[in-house]
Amino acid sequence: MATNEDFDVVVVGSANLDLVARTQRLPHPGETVSAHGYFEACGGKGANQAIAAARAGARTAFVGAVGRDAAGDTLRRAFVDDGVDVSRLASVDAPTGRALIGVSDDAENLIIVVPGANHVLSVGDIDAAARVISRAKVLLMQLEVPLDVVQRAAALAG
Numbered sequence: 001m002a003t004n005e006d007f008d009v010v011v012v013g014s015a016n017l018d019l020v021a022r023t024q025r026l027p028h029p030g031e032t033v034s035a036h037g038y039f040e041a042c043g044g045k046g047a048n049q050a051i052a053a054a055r056a057g058a059r060t061a062f063v064g065a066v067g068r069d070a071a072g073d074t075l076r077r078a079f080v081d082d083g084v085d086v087s088r089l090a091s092v093d094a095p096t097g098r099a100l101i102g103v104s105d106d107a108e109n110l111i112i113v114v115p116g117a118n119h120v121l122s123v124g125d126i127d128a129a130a131r132v133i134s135r136a137k138v139l140l141m142q143l144e145v146p147l148d149v150v151q152r153a154a155a156l157a158g
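Once you know that position 25 of the sequence shown is 25 in my numbering, the rest is easy, because the numbers rise by one and skip nothing.
It should be emphasised that the hints constitute simulated quantities derived from the structure, not laboratory data. The C-beta atom is built at its ideal place from N, Cα and C for all residues, glycine as well. Just to be clear, a hint being listed does not mean it is correct.
Stated by the list, open to error - In silico lysine to any residue, SDA-like type, Cα no more than 20 Å apart, as pairs: (1) K137 to D6; (2) K137 to Q151; (3) K137 to N48; (4) K137 to A56; (5) K137 to L156; (6) K137 to R152; (7) K137 to A155; (8) K137 to V150; (9) K137 to A157; (10) K137 to A52; (11) K137 to R59; (12) K137 to D8; (13) K137 to G83; (14) K137 to N4; (15) K137 to A154; (16) K137 to D127; (17) K137 to A58; (18) K137 to R88; (19) K137 to G57; (20) K137 to S87; (21) K137 to E5; (22) K137 to D85; (23) K137 to R55.
Said to hold, decoys possible - Beta-carbon label-pair distances, calculated as ranges: (24) L26 to A56: 23 to 33 Å; (25) A128 to T32: 43 to 53 Å; (26) N4 to G37: 32 to 42 Å.
Generate coordinates for the entire structure from the input sequences, incorporating the hints supplied.
So this is what it looks like as structure tokens:
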């Protein structure tokens, strides 16, 4: 019998607010170029995996951290809107992670990640989510959170 701790997919990972500027071409070192478009979106490798899994129909939970700020609220809403369980998404006293992304018209990109709250995620947070991690059919992780967090989640998954 499925419980509220039984998930097809559990993602342990990063959640960032992506700040994306569209440019004709990427700048060379030391050069400034003007953007012809800008948008903000939910991002981070972990968040992207969780949202994709939920959209594909998997019962999905996310284990991660966002700041107690407007960006954290935006990301939490995005997860909920896509059906991702966020009961193990910590709100911490660090700014929500950001990714500064430049994308050229020929689809080349450059990305600078500011980890923020993602680097506050702890082994304690993973231990608090041990039951859902150990019961998940699939555990997805990346290396945008501390390595000891990833190692602990992997150990719990068996």
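Here's how the hints hold up against the structure:
1. Proximity of K137 to D6 is assessed by CA-CA distance (about 8 Å); at most 20 Å being required, the pair is judged to hold.
2. For the hint pairing K137 with Q151, the CA-to-CA distance comes to about 18 Å; that is within 20 Å, so the pair holds.
3. Distance hint between K137 and N48 is fulfilled; the C-alpha atoms sit about 18 Å from each other, no more than 20 Å.
4. The suggested pairing of K137 with A56 holds, with an alpha-carbon distance near 15 Å, which does not exceed 20 Å.
5. For the given pair, K137 sits about 13 Å from L156 by alpha-carbon distance, which is consistent with the 20 Å threshold.
6. For the suggested pair K137 and R152, the alpha carbons sit about 17 Å apart, so the restraint of at most 20 Å is met.
7. Distance hint between K137 and A155 is fulfilled; the C-alpha atoms sit about 15 Å from each other, no more than 20 Å.
8. Annotation: proposed proximity of K137 to V150 holds, straight-line Cα distance about 17 Å (limit 20 Å).
9. In summary, the hint linking K137 to A157 is supported, as the alpha carbons are separated by about 9 Å, within the 20 Å threshold.
10. With a CA separation close to 16 Å, the supplied pair K137 and A52 stays within the 20 Å bound.
11. Distance check on the hinted pair: K137 and R59 sit about 10 Å apart at the alpha-carbon level, within 20 Å; holds.
12. Between K137 and D8 the alpha-carbon distance is near 5 Å, which keeps this suggested pair within the 20 Å criterion.
13. Taken as a hint, the K137 and G83 pair is honoured in the structure, with Cα atoms around 17 Å apart against an allowance of 20 Å.
14. Restraint check for K137 and N4: satisfied, since their Cα atoms lie roughly 14 Å apart, inside the 20 Å limit.
15. Restraint check: the Cα-Cα separation between K137 and A154 comes to about 13 Å, which is no more than 20 Å; the hinted pair holds.
16. A C-alpha spacing of about 18 Å is found between K137 and D127, which places the hinted pair at or below 20 Å, so the restraint holds.
17. At roughly 10 Å between alpha-carbon atoms, K137 and A58 fall within 20 Å of each other, so this suggested pair holds.
18. Between K137 and R88 the alpha-carbon distance is near 17 Å, which keeps this suggested pair within the 20 Å criterion.
19. As the CA atoms of K137 and G57 are separated by approximately 14 Å, the hinted pair is consistent with the 20 Å bound.
20. This hinted pair checks out: K137 and S87 have alpha carbons roughly 18 Å apart, not beyond 20 Å.
21. Restraint check: the Cα-Cα separation between K137 and E5 comes to about 11 Å, which is no more than 20 Å; the hinted pair holds.
22. Between K137 and D85, the direct Cα distance comes to roughly 15 Å. Compliance with the 20 Å bound is thereby established for this hinted pair.
23. With a C-alpha separation of about 17 Å, the suggested pair K137 and R55 falls inside the 20 Å cut-off, and the hint holds.
24. Distance hint for L26 and A56: a CB-CB separation of about 32 Å, consistent with the stated range 23 to 33 Å.
25. Hint check: A128 to T32, Cβ distance near 45 Å, so the stated range 43 to 53 Å holds.
26. With their beta carbons about 41 Å apart, N4 and G37 fall inside the hinted range of 32 to 42 Å.
In summary, the structure agrees with every hint in the numbered list given earlier.
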